[in-house]
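Q: Read off the chains here:
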Amino acid sequence: MIWIMEILILTIVLICALAAIHVRDLLSSAILLGAYSFLMCILWAEMGAVDVAFTEAAVGAGISTAFFIGAIYQTTRRTKD
Amino acid sequence: MIRLYDDLIIQTVCRIMIPLIQLFALYVIAHGHYSPGGGFQGGCILGASFILMLIAYDINWMKRRFSEDINILMIAFGVLLYAVIGLICVLLGAEYLNYGIIHKIIPLDPVRVRALGTLGIEIGVGITVMAVMVSIFLNLTTFGKHEKGEV
Chain A
1 MIWIMEILIL
11 TIVLICALAA
21 IHVRDLLSSA
31 ILLGAYSFLM
41 CILWAEMGAV
51 DVAFTEAAVG
61 AGISTAFFIG
71 AIYQTTRRTK
81 D
Chain B
82 MIRLYDDLII
92 QTVCRIMIPL
102 IQLFALYVIA
112 HGHYSPGGGF
122 QGGCILGASF
132 ILMLIAYDIN
142 WMKRRFSEDI
152 NILMIAFGVL
162 LYAVIGLICV
172 LLGAEYLNYG
182 IIHKIIPLDP
192 VRVRALGTLG
202 IEIGVGITVM
212 AVMVSIFLNL
222 TTFGKHEKGE
232 V
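Chains A and B supply the protein sequences, listed in that same order. Mapped onto the working numbering, the consecutive letters of the first sequence carry residue numbers 1 to 81. Mapped onto the working numbering, the consecutive letters of the second sequence carry residue numbers 82 to 232.
With the rest of the complex left out, here is chain A:
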């Protein structure tokens, strides 16, 4: 709707996605994916798809971040490559 807001949120989404791939620390990567998920939720709510935004906020930003952190507990925080 408001095109300035859409472009602003899309830019931050792109920055979060690229940073989640390139950062070396796996815990930071999981947190950045949570931020990416929450910004996608804002974008969907702004486009009018409130139900999809609700699912994204509950599953993407809430549960899957907890699952990623639980999986990181079983391995090392630093990547080798």
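In case anyone wonders, no lab produced these hints; they're calculated from the structure. Treat the hints with caution; some may be incorrect.
If the Cβ cut is set under 8 Å, some of the chain B residues that face chain A in the computed set are [as the list claims (entries may be wrong)]: (1) P117; (2) G128; (3) L221; (4) T222.
Simulated DEER-style distance windows between Cβ atoms [stated by the list, open to error]: (5) B:L101 with A:A49: 23 to 33 Å; (6) A:A49 with B:L104: 19 to 29 Å; (7) B:L104 with A:L8: 27 to 37 Å.
From the three backbone atoms N, C-alpha and C, an ideal C-beta is built for every residue, glycine too.
Starting from the known structure of chain A, arrange chain B on it as the hints suggest.
A: Only chain B this time, still in chain A's reference frame:
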């Protein structure tokens, strides 16, 4: 794995926050057919409240309140609730999950019976999703060894 770490601030904040999260999750499940939300989202929020309890305290503390056997039973109970409501509609002569036909055995308005049938389905989905989320998190953080107490 997740051991008890005595921190007054974390435990007090979680003790205040967990009932509010669960109340909001029940609201989302109950209003799933009027507003955004529903069984899956409400079940995820309800599971997240148990995961927060598990992180803030430890696994044994949580398993005294919400044991693994009850967790497995709740997974099966939610699916059973969904299937039974669907099969009641088939036995009364309509399609699977066509809730309007239940007004033959419940003396209410068919429109109201349809809304109540949707609510029953949402409750079944919510119970299953909540128990599955807690079960996935328990198995993920403990390599599946929590049943023997080797955490």
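Q: Confirm or reject each hint.
A: Now for the hints, and whether the structure bears them out:
{"no.": "1", "hint": "P117", "in the structure": "holds (4 Å)"}
{"no.": "2", "hint": "G128", "in the structure": "holds (7 Å)"}
{"no.": "3", "hint": "L221", "in the structure": "holds (5 Å)"}
{"no.": "4", "hint": "T222", "in the structure": "holds (4 Å)"}
{"no.": "5", "hint": "B:L101 with A:A49: 23 to 33 Å", "in the structure": "holds (26 Å)"}
{"no.": "6", "hint": "A:A49 with B:L104: 19 to 29 Å", "in the structure": "holds (26 Å)"}
{"no.": "7", "hint": "B:L104 with A:L8: 27 to 37 Å", "in the structure": "holds (34 Å)"}
Hint compliance for this structure: no hint is broken.
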